[in-house]
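Let's have the full structure, built from the sequences with the hints guiding it.
Here my numbering is used: the first residue of the sequence shown is 1, the next is one more, and so on.
The set of hints was computed from the structure by calculation and includes no laboratory data.
All figures in this text were calculated on a predicted structure; none of them were measured in a lab.
Treat the hints with care, as some may be off.
[Claimed, not checked] In the DSS-like style, the derived pairs of lysine-lysine whose C-alpha atoms are separated by at most 27 Å in a straight line are:
#1 K115 <-> K140
#2 K154 <-> K178
#3 K114 <-> K97
#4 K154 <-> K97
#5 K185 <-> K140
#6 K114 <-> K154
#7 K97 <-> K140
#8 K178 <-> K115
#9 K185 <-> K115
#10 K178 <-> K97
#11 K115 <-> K154
#12 K97 <-> K185
#13 K114 <-> K140
#14 K115 <-> K97
#15 K114 <-> K178
#16 K154 <-> K140
#17 K185 <-> K114
[As the list claims (entries may be wrong)] With beta-carbon atoms standing in for the labels, derived distance ranges:
#18 A54 <-> A137: 41 to 49 Å
#19 T45 <-> A137: 52 to 60 Å
#20 A110 <-> G138: 14 to 22 Å
#21 A17 <-> A139: 36 to 44 Å
#22 G71 <-> P47: 20 to 28 Å
#23 Y112 <-> T45: 42 to 50 Å
#24 L6 <-> E51: 15 to 23 Å
#25 P162 <-> V123: 13 to 21 Å
#26 D33 <-> P100: 25 to 33 Å
#27 I165 <-> T45: 45 to 53 Å
#28 D5 <-> P100: 24 to 32 Å
Think of the CB as a built atom: it goes at the ideal place given N, C-alpha and C, for glycine as much as any other residue.
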Amino acid sequence: MIRTDLGRRIELVAMDAHFHDITVALHRAVDADGRPAYDINSYSTRPGADERLAVIAAAMQEVAGLQAVPGAPLRVRFACGDAHEQATRRAFIEASKLDPGQPLTARPMAIYDKKTDATIEVVPEGGGLYRAGADAAGAKVVRRVATVAGGLVKLAGMEPIPASIDQVRFACGQDHHKLVAMLLKLALNARGVLREQELAAARGVLAAPSQQR
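Shown next as structure tokens:
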């Protein structure tokens with residue numbers, strides 16, 4: 001049955017590789033207290049589909065730092081009260097990719113970069129401010145650090161700090177360590193990640209219940 005209580009769809013996984021290639025969607029919602037939230041939905045009638053959606057919701061909480069909404073098992077939101085829509089779209093995609101047979105663990109805030117043979121990290125400085133850095137020097141390293149900072153702006157909707165190439169912040173003024181850690185690797189190639197995301201969304205179609213098996 002088509003749901004009429006869902007808000008605007010903002011992201012779609014056309015074929016869930018971990019559960020019979022069903023289609024799963026993320027919808028923008030508003031909680032009873034007026035705060036932005038997100039609903040995870042599928043029209044698949046396969047037994048276990050709801051449980052699969054709950055796994056994705058749990059993964060978004062553990063890997064990206066969203067929180068569960070009491071009384072709504074397939075709804076998630078950020079504790080800060082900000083929508084962070086751009087980042088949530090990516091968190092939904094990443095959560096859908098995770099192998100449900102493996103334990104959920106938060107990712108580190110550092111990554112080895114083969115292009116520079118350096119470890120790039122993102123250090124929290126409080127109040128939603130983060131600084132990217134590396135354990136090596138050189139012009140190429142500096143460019144890669146700047147790439148990470150710029151990638152976080154693109155993927156998480158963070159704000160660049162004027163006159164800085166390595167600092168970014170969340171407009172909400174709150175820290176989101178898990179979210180930044182999840183996006184760190186992707187930030188090294190943010191343009192390619194966003195292009196892939198747009199192409200996947202263009203191909204995806206949310207099928208009616210009668211079309212899902």
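Quick rundown of the hints versus the structure:
1. K115 <-> K140: Within the cut-off at roughly 9 Å; holds.
2. K154 <-> K178: holds (17 Å)
3. K114 <-> K97: With Cα atoms ~23 Å apart, K114 and K97 stay inside 27 Å; holds.
4. K154 <-> K97: This hinted pair holds, its Cα atoms lying about 20 Å apart.
5. K185 <-> K140: With a Cα-Cα distance of about 17 Å, the restraint between K185 and K140 holds, given a limit of 27 Å.
6. K114 <-> K154: It holds: about 22 Å lies between the C-alpha atoms, which stays within 27 Å.
7. K97 <-> K140: Violated, at about 31 Å.
8. K178 <-> K115: Answer holds: K178 to K115 is near 25 Å, not above 27 Å.
9. K185 <-> K115: This hinted pair holds, its Cα atoms lying about 13 Å apart.
10. K178 <-> K97: holds (17 Å)
11. K115 <-> K154: holds (21 Å)
12. K97 <-> K185: Roughly 15 Å separates the two Cα atoms, so the pair holds.
13. K114 <-> K140: holds (12 Å)
14. K115 <-> K97: holds (25 Å)
15. K114 <-> K178: Cα-Cα ~23 Å, so holds.
16. K154 <-> K140: holds (21 Å)
17. K185 <-> K114: The hint holds at about 12 Å.
18. A54 <-> A137: 41 to 49 Å: holds (47 Å)
19. T45 <-> A137: 52 to 60 Å: Holds: the Cβ-Cβ distance is about 57 Å, inside 52 to 60 Å.
20. A110 <-> G138: 14 to 22 Å: Cβ of A110 to Cβ of G138: about 18 Å, so the range 14 to 22 Å holds.
21. A17 <-> A139: 36 to 44 Å: holds (40 Å)
22. G71 <-> P47: 20 to 28 Å: holds (24 Å)
23. Y112 <-> T45: 42 to 50 Å: holds (44 Å)
24. L6 <-> E51: 15 to 23 Å: Holds: the Cβ-Cβ distance is about 20 Å, inside 15 to 23 Å.
25. P162 <-> V123: 13 to 21 Å: holds (19 Å)
26. D33 <-> P100: 25 to 33 Å: holds (31 Å)
27. I165 <-> T45: 45 to 53 Å: Since I165 and T45 have Cβ atoms about 51 Å apart, the given range 45 to 53 Å holds.
28. D5 <-> P100: 24 to 32 Å: About 27 Å separates the Cβ atoms of D5 and P100, which means 24 to 32 Å holds.
The earlier numbered hint that this structure contradicts is number 7, and it is the only one.
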